[in-house]
Each structure stands twice: as C-alpha cells, then as structure tokens.
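Here the protein sequences come in this chain order: Z and B. Numbering of the first sequence is given in our numbering, commencing with residue 1 and proceeding in unit increments. Numbering of the second sequence is given in our numbering, commencing with residue 346 and proceeding in unit increments.
Hints were generated in silico from the structure; no laboratory data involved. This structure is a prediction, so every number in the text was calculated from the model and none was measured. Just so you know, even glycine gets a beta-carbon here, dropped at the ideal spot from N, CA and C. You may find that some hints are simply not true.
[As the list claims (entries may be wrong)] Cβ-Cβ distance ranges computed for the label pairs, FRET-style:
1) B/ALA465 to Z/ASN235: 40 to 46 Å
2) Z/SER214 to B/PRO415: 50 to 56 Å
3) B/ARG439 to Z/ASN235: 36 to 42 Å
4) Z/ASN235 to B/PRO415: 28 to 34 Å
5) B/GLU361 to Z/ASN235: 53 to 59 Å
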Amino acid sequence: MRNQILKRGASRRQTASQSDRPSPRKSVTGVSQSKAYSSDKLASYWRHHRASCLDSLARLLAEPLQSLMTVLVVAIALALPVILLLGISNLQSLSGRMEASPKISLYLNVRARDQAVEQLRDRLSGLPDVERVEFISAQQALEDFQRSSGLGDVLASLSGNPLPAVLVVTPASVALDSVALSRLKTEFEQEAIVDSVNLDMDWVQRLQQIMLLSRKLALALAILLGLGVLLVLGNTIRLAIENRRSEIVVIKLVGATNGFVRRPFLYTGGWYGCLGGALAVVLVYLGYLFVQPAVLKLSLLYQSEFVLQGLGLYGAFKLLLIGAVLGLLGAWLAVWRHLAQIEPE
Amino acid sequence: MIKFSQVNKRYPNGQEALSGLSFDIADGEMVFLTGRSGAGKSTLMKLIMLMERATSGQVFVDGQNLNRMPGRSVPFHRRQVGVVFQDHQLLFDRSVYENVALPLQIAGFQLKEIGRKVRAALDKVGLLGKEKHNPIALSGGEQQRVGIARAVVNKPPLLLADEPTGNLDPELSAEIMQLFQQFNAVGVTILIASHDLSIVKRMQQRVLGLAGGQLVHDGLL
Chain Z
1 MRNQILKRGA SRRQTASQSD RPSPRKSVTG VSQSKAYSSD KLASYWRHHR ASCLDSLARL
61 LAEPLQSLMT VLVVAIALAL PVILLLGISN LQSLSGRMEA SPKISLYLNV RARDQAVEQL
121 RDRLSGLPDV ERVEFISAQQ ALEDFQRSSG LGDVLASLSG NPLPAVLVVT PASVALDSVA
181 LSRLKTEFEQ EAIVDSVNLD MDWVQRLQQI MLLSRKLALA LAILLGLGVL LVLGNTIRLA
241 IENRRSEIVV IKLVGATNGF VRRPFLYTGG WYGCLGGALA VVLVYLGYLF VQPAVLKLSL
301 LYQSEFVLQG LGLYGAFKLL LIGAVLGLLG AWLAVWRHLA QIEPE
Chain B
346 MIKFSQVNKR YPNGQEALSG LSFDIADGEM VFLTGRSGAG KSTLMKLIML MERATSGQVF
406 VDGQNLNRMP GRSVPFHRRQ VGVVFQDHQL LFDRSVYENV ALPLQIAGFQ LKEIGRKVRA
466 ALDKVGLLGK EKHNPIALSG GEQQRVGIAR AVVNKPPLLL ADEPTGNLDP ELSAEIMQLF
526 QQFNAVGVTI LIASHDLSIV KRMQQRVLGL AGGQLVHDGL L
C-alpha cells in the first residue's frame with residue numbers, strides 16, 4: 001500500500017518534470033521526441049490567445065447578419081434597464097431641485113413677545129441648514145385665511161384672532177433629505193416660544209419611496225434580462241461548439257488540453273458580450289438624443305437649470321464591461337455543459 | 346513500451362470487448378494487430394490512447410500506468426502517441442500544412458520550428474509540394490499520408506495506426522506500409538491494426554491475433 005503511494009507520487013513527479021523539462025527527452029531506443037521549451041510554450045500560449053481572439057472575431061464577421069441579431073438581442077437587453085435607471089436618477093435629481101421644496105412651519109405661542117420672535121428669526125436665519133425664514137404675523141395669517149377660505153364673515157364674528165403667528169422656514173438644499181428635515185423639526189420643537197412644528201414631509205417621503213421602488217424594479221428587470229443574455233449567448237456558443245465538433249474531436253486526439261479547446265469559444269462569448277455592450281451604449285445615447293431637446297424646452301419653460309444626465313464615459317465603460325463579463329459567463333456555461341460531452345470515439 | 350496485464354474491458358451496455366488480455370511490446374518493435382471486426386482491436390487502441398479506460402487489469406505505456414493517470418494528464422499522454430486513423434480525421438477547413446501543424450501548435454512550439462518540422466514531416470511522406478492545398482482536393486492515398494505526417498510530426502515514441510490501409514488499393518497500401526517501416530527503422534514503436542492478412546503476412550513482423558477479446562496468436566503469421 002505504502003509502496004503504491006510512493007510509486008504514485010513518483011510517477012506524478014515524473015509527469016510534472018516531463019511537461020516542463022527544458023531539454024528534449026531522450027528515450028531508451030534513441031528516438032528523441034520533440035519537446036517544446038517552456039519559454040516557447042508561454043509564447044505559444046499567448047499566441048494561441050491572440051489567434052483565438054482574432055479567429056473568433058473573424059468567425060463572427062463571416063456571418064454578419066446572424067451575429068448582428070445576437071448582438072442586437074444582447075444590446076437591447078442591456079440598454080433597457082440602463083435607460084430605466086438613468087430616467088429614475090434624472091427624476092431624482094430633478095425632484096431635488098424642485099422649487100416646492102418642503103417648508104417647516106413653526107407655530108408661535110400667542111403670548112410670545114415681538115422681541116423674542118425677532119431674536120428667534122435671526123438665529124434661525126443664521127443656521128447653515130436654513131435658507132430663508134419668513135415671518136407671518138397673526139394678523140396677516142388671519143387676512144390670508146379670510147381671503148383663501150371664503151369664511152370671512154364667520155371669522156369676523158369671532159371675538160379675537162384664533163390664529164398664531166408663524167415662522168416659515170425654508171431648509172437649505174443640503175438639508176433636503178428626510179433625516180435632516182426631521183432633525184431640524186425636533187430642533188425647532190425645543191424652542192421656548194414655539195408651540196408646535198409642522199413639517200409637510202409626506203410628499204418627500206412618498207416620492208423617495210416611489211423612487212426606491214422603481215429603482216428596485218429596474219434592478220430586478222436588469223437581473224432578469226442579464227439572465228436572458230446568459231441563456232441567449234449560451235445557446236449561441238452551444239451551436240458554435242456543435243458546428244466545430246469534428247475539429248474538437250481531432251484536437252483532443254492530438255493532445256489538446258481542455259483550456260486549449262475552450263479558448264476560442266470563450267473569446268466568441270466575450271466578443272458577443274463586448275459588441276452587445278457597445279451597441280447598448282449607442283442605443284442609450286440615441287435615446288438620450290431623442291429625449292434631450294424636449295427636456296431642454298421644458299426646463300427652459302420652468303426657468304430651471306436642469307440638465308439631462310447621460311451615461312457618461314465611465315458609465316459607457318461599465319456597460320461594456322458588464323457585456324463582456326456576461327458574454328464570458330454565458331460561454332463558460334455552454335462550454336462547461338457541452339464540451340465535456342464531445343470526446344473522440 | 347506497451348504492457349497489458351490481465352486487461353478486461355466491458356462497455357456500459359454489457360458488451361465484453363477484451364477479457365484477460367496480456368502482452369508486451371518492447372521499445373522499437375513493429376507489431377500488427379489482426380482479428381475480425383468486433384474482436385477488440387479498436388478497444389485495445391482506445392485503451393492505449395486513453396479514449397477508454399480498462400474495467401480491470403493494468404495498461405502501461407512507456408512505464409506509466411494509464412489506470413492511475415488523472416484526467417488532466419491525458420492530453421500530455423496523447424502528445425506522446427501518434428495516431429493514424431482509417432478515415433484519417435483531417436480537417437477540411439484548413440490547408441494540409443495547418444492540419445499537420447496542429448499537434449505542434451497544441452504542444453506550444455515556436456512558429457519557426459513548427460514550419461521546419463511540418464515541412465520535414467511532409468517531405469517524409471512525399472507531399473512537400475502540396476502543403477498549401479486543402480486536403481479535400483487530395484486523393485485517398487495522399488489524405489492518408491497527410492494523416493501520417495500529422496501523427497509523426499511531433500516525433501512520438503509510439504505510433505498507432507487503426508486500419509491505415511482500409512480504404513486504399515494494394516499498391517498504395519504497400520507504400521503506406523513502407524512509410525511505417527521507415528519510421529520503425531529510426532526507433533519508433535509501431536502498432537498497426539489491420540484485417541488485411543495478405544499485407545500483414547508480407548511484412549514479416551510480429552502479429553497479435555485477437556478473437557472475442559482474447560489473444561489467440563502471438564508471433565509471425
């Protein structure tokens with residue numbers, strides 16, 4: 001038993017040293033088998049990478065229509081979620097700039113003295129999170145209410161003014177998220193002359209929830225479409241493997257390693273993914289060009305400085321990379337499933 | 346070079362292809378393998394090429410126990426065995442030169458060396474002028490010689506041939522056999538499976554006769 005293990009170890013060492021032995025191997029009979037030097041092997045390894053890379057591209061271009069179909073499928077599947085996500089993040093940045101940003105109303109105690117109100121107003125204006133503070137006196141509030149509600153007669157019959165004076169705080173744009181707003185609200189509630197604070201945050205929260213939800217939906221869609229890309233490319237590569245069955249059998253017979261056999265197919269998948277990603281970038285850009293004039297007109301109408309965000313160079317690069325990775329993965333799946341089944345007979 | 350000891354091979358469908366087969370082939374020998382179709386000739390070749398593995402018993406090639414060879418070593422084993430097929434297994438989407446160069450590309454030789462070795466091999470089989478042709482444009486005998494050039498281009502110590510003259514007329518067959526003799530003369534161990542007894546007799550070499558998966562003859566015919 002131990003002897004066997006020793007022998008096995010020895011034979012393994014032998015094969016190992018044979019495969020990277022730099023000098024030609026001499027057999028007992030004097031036949032010297034040709035052996036490639038390891039430096040040549042490395043050079044040849046890279047040469048085969050380059051050859052596989054170019055050859056798989058050439059094969060793609062040899063059947064342009066069929067390849068275009070596959071690339072188009074990949075491109076559409078990649079572009080769709082990207083366009084959705086871009087739209088959502090544009091909406092998000094737009095909502096951040098909206099004029100109707102939330103206002104915080106501070107209802108003041110009726111007995112608060114004018115001087116204290118003046119002091120509070122000045123202090124709040126000095127806060128970094130506050131853009132503007134507006135004072136509405138009790139009298140003014142009553143007049144506004146009479147005008148807008150149409151209940152002027154009823155109000156006139158009251159003995160006094162039931163409405164408190166109000167300080168309306170417009171938060172600075174840095175404090176526009178819900179956390180900062182609630183923090184401001186609790187801060188204002190600490191003030192001695194403030195009776196109650198009203199923050200109309202519902203719409204901010206709702207908008208944020210909707211954005212979050214649509215972002216999640218877009219991501220789920222992206223994952224599903226990504227899976228679709230994997231399957232489409234897997235099938236394409238499977239067909240390519242089927243088409244080259246006899247070649248695979250022959251090169252396996254003359255001693256090709258699995259890596260050698262796999263390489264051209266992995267490159268084919270990589271090319272499909274890369275080209276699909278590139279076309280997806282083009283599609284997204286076309287969509288941008290299509291929508292951009294309308295957005296520009298709209299933002300001019302609103303006198304806003306809103307500019308539509310595109311994919312950007314970094315985004316384009318990422319999309320290309322995602323395409324390439326999906327292509328490689330799809331090819332791996334196909335190669336792993338189908339190449340092992342092709343054995344010489 | 347080749348040693349079979351008590352080798353059995355049963356296929357998953359229950360067919361017993363080889364049973365209790367034992368023989369030795371020394372370095373530099375030239376041996377013929379005969380028997381009717383179904384006698385186990387092809388299975389024996391497949392075991393040596395590791396296209397199949399023995400159900401029981403031991404197969405040694407060049408001192409290595411093939412039963413113990415892990416899958417990842419199989420390609421490197423195959424590089425030491427040249428094989429000639431009856432249907433020559435050439436690729437018709439590339440030239441004669443590229444067909445012969447295939448084993449060298451796989452083994453990782455330099456381009457310059459590949460060129461030198463391929464031309465030497467084609468010269469030996471007398472096809473130097475046709476390196477740029479597509480093998481489909483060649484005659485049956487020429488195609489077989491391209492197959493032989495591909496099998497020997499890497500100078501393997503062992504050469505297997507499965508019915509190499511199966512589709513050829515007697516004259517061409519004799520030429521092919523001469524080629525094998527020349528390789529044998531420089532020390533290559535050769536095992537040729539053939540059911541063409543007239544040719545086998547004429548070659549005056551050791552013959553292994555198989556019937557029903559068992560060795561029934563060993564020696565001159």
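Against the structure, the hints come out as follows:
Restraint check, B/ALA465 to Z/ASN235: a C-beta distance of roughly 44 Å satisfies the suggested window 40 to 46 Å. For Z/SER214 and B/PRO415, the Cβ-Cβ distance of about 53 Å falls inside the hinted range of 50 to 56 Å, so the restraint holds. Distance hint for B/ARG439 and Z/ASN235: a CB-CB separation of about 27 Å, inconsistent with the stated range 36 to 42 Å. About 32 Å separates the C-beta atoms of Z/ASN235 and B/PRO415, a value consistent with the hinted range of 28 to 34 Å.
Distance hint check for B/GLU361 and Z/ASN235: the Cβ-Cβ separation is about 40 Å, which falls outside the suggested range of 53 to 59 Å.
Checked against the numbered hints given earlier, the structure breaks hints 3, 5 and satisfies all the rest.
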